[in-house]
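Enquirer: Sequence:
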Amino acid sequence: MNYSVSYCFERGITLIRFIIRRSIPRYENTTDKQVRESYGVLAGVLGIVCNLILFTLKLIIGLLMNSIAVISDAFNNLSDCGSSIISIIAAKMSNQPPDLEHPFGHGRIEYISSLIVSFIIIMVGFELLKSSFSKILHPEVVIFSSFSLIILVLSVVLKLWMVSYNRYIGRVINSSIINATATDSLNDAIATSAVILSTLIGHYLHIAIDGYVGLLISFFILYTGYTIAKDTVNILLGASPNTELANQISGMVNKGMHIIGTHDLKVHDYGPGRTIASIHAEILDTVNIVESHAIIDDLEKRISEELNINIVIHIDPLTTDELKIHSMKHLVKDSVKEVNEVFVAHHIRMTKSYRSMNVIFELTVPSTQLPESANIREQITKRLKDKDPQLNVIINSITAQS
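Per full-length UniProt numbering, residue 1 is the first one in the sequence shown, and the count goes up by one each step.
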């Protein structure tokens, strides 16, 4: 079974690659906004065509078989047509250039569209839930038909192809709405497989489970809608940056000439291909300011080109006064020990800002204390600021002790 599904995915990806090569000029250049839009429109058009075919066939079969599960599955495919239309609109609108009201572009329209799709999925799930309960309370005989079952099996194969091409396109252009469509298509394939199974059981074992299968399908649909909504809302609310991207940015900056360390990395997601980041780079205050700016300008250009993001790197001159550094290290370590004897502060350094002194360090704590990181950060910051109100405390990281 796993081999068959894998084969379907491989064949499906081969077919969608052929279609992409034939229909999208410069298809390799996926960072180009126009190319990205073409990918989104292609996925949407294929979704509309496939789902309309599935809706028509399943509705006819459902009526012929007197199966609420098949009819519900048909209308689920019809709602997927609406999702595909929304994805096309999103691809068009998110590609609009920035304007005065939206200086960072319109990329987040794609996330809003994903949220709309999740609400449509949830509505379909609730409707199916109601009709399935009705079928359980008032069961009816499902009419068996070999021809209908063959059509349903073929519809599963078509849905698996839709999963494969949506996953492929979603991965290539990093599209949340197309990835959501891929997940929805996979659940549709599972749902239709469950309908086939319930029909066979009903026919050969004479057990009326049509309504119960519809109930299971509704839970699948509701769960899918919930997970898509949750993931999309996390992005819109400003989720933590992708760990891999954060490490790439920090790593590239730390490799810059004269850069001792980094802190305060912030990543803002304004839609796929519209990521804006900022980070503070620590450079010794003995380095010439003109040279420092040249180093930072070169890093910003290189990171923007390699990671396809807009980045602003702030220079923080590190204090080299040995007496001040020695005094600050004692202050930090004593304050940390006052909070907890086993906590260890290390890589302590200082940068001077206009009105305050920044003290930056890393902290290691027992692994059992990691869930309390926010509280630990707050306590240590308070201790230090009580001793020196001019301090701006930056605990760059809190990690587990080895």
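Honestly, I wouldn't trust all of these hints.
Listed below are the simulated SDA-like cross-link pairs for lysine to any residue, each with C-alpha atoms no more than 25 Å apart in a straight line [unchecked claim]:
1) K266 to E341
2) K255 to H314
3) K255 to I325
Bear in mind the hints are in silico, worked out from the structure with no lab data behind them.
Enquirer: With reference to the structure, classify each hint as holding or not holding.
Expert: A quick look at each hint next to the structure:
Under the criterion of a C-alpha separation no larger than 25 Å, the hint pairing K266 with E341 is inconsistent with the structure, at around 31 Å. At roughly 15 Å between alpha-carbon atoms, K255 and H314 fall within 25 Å of each other, so this suggested pair holds. For the proposed pair K255 and I325, the alpha carbon gap of about 24 Å is at most 25 Å, so the pair holds.
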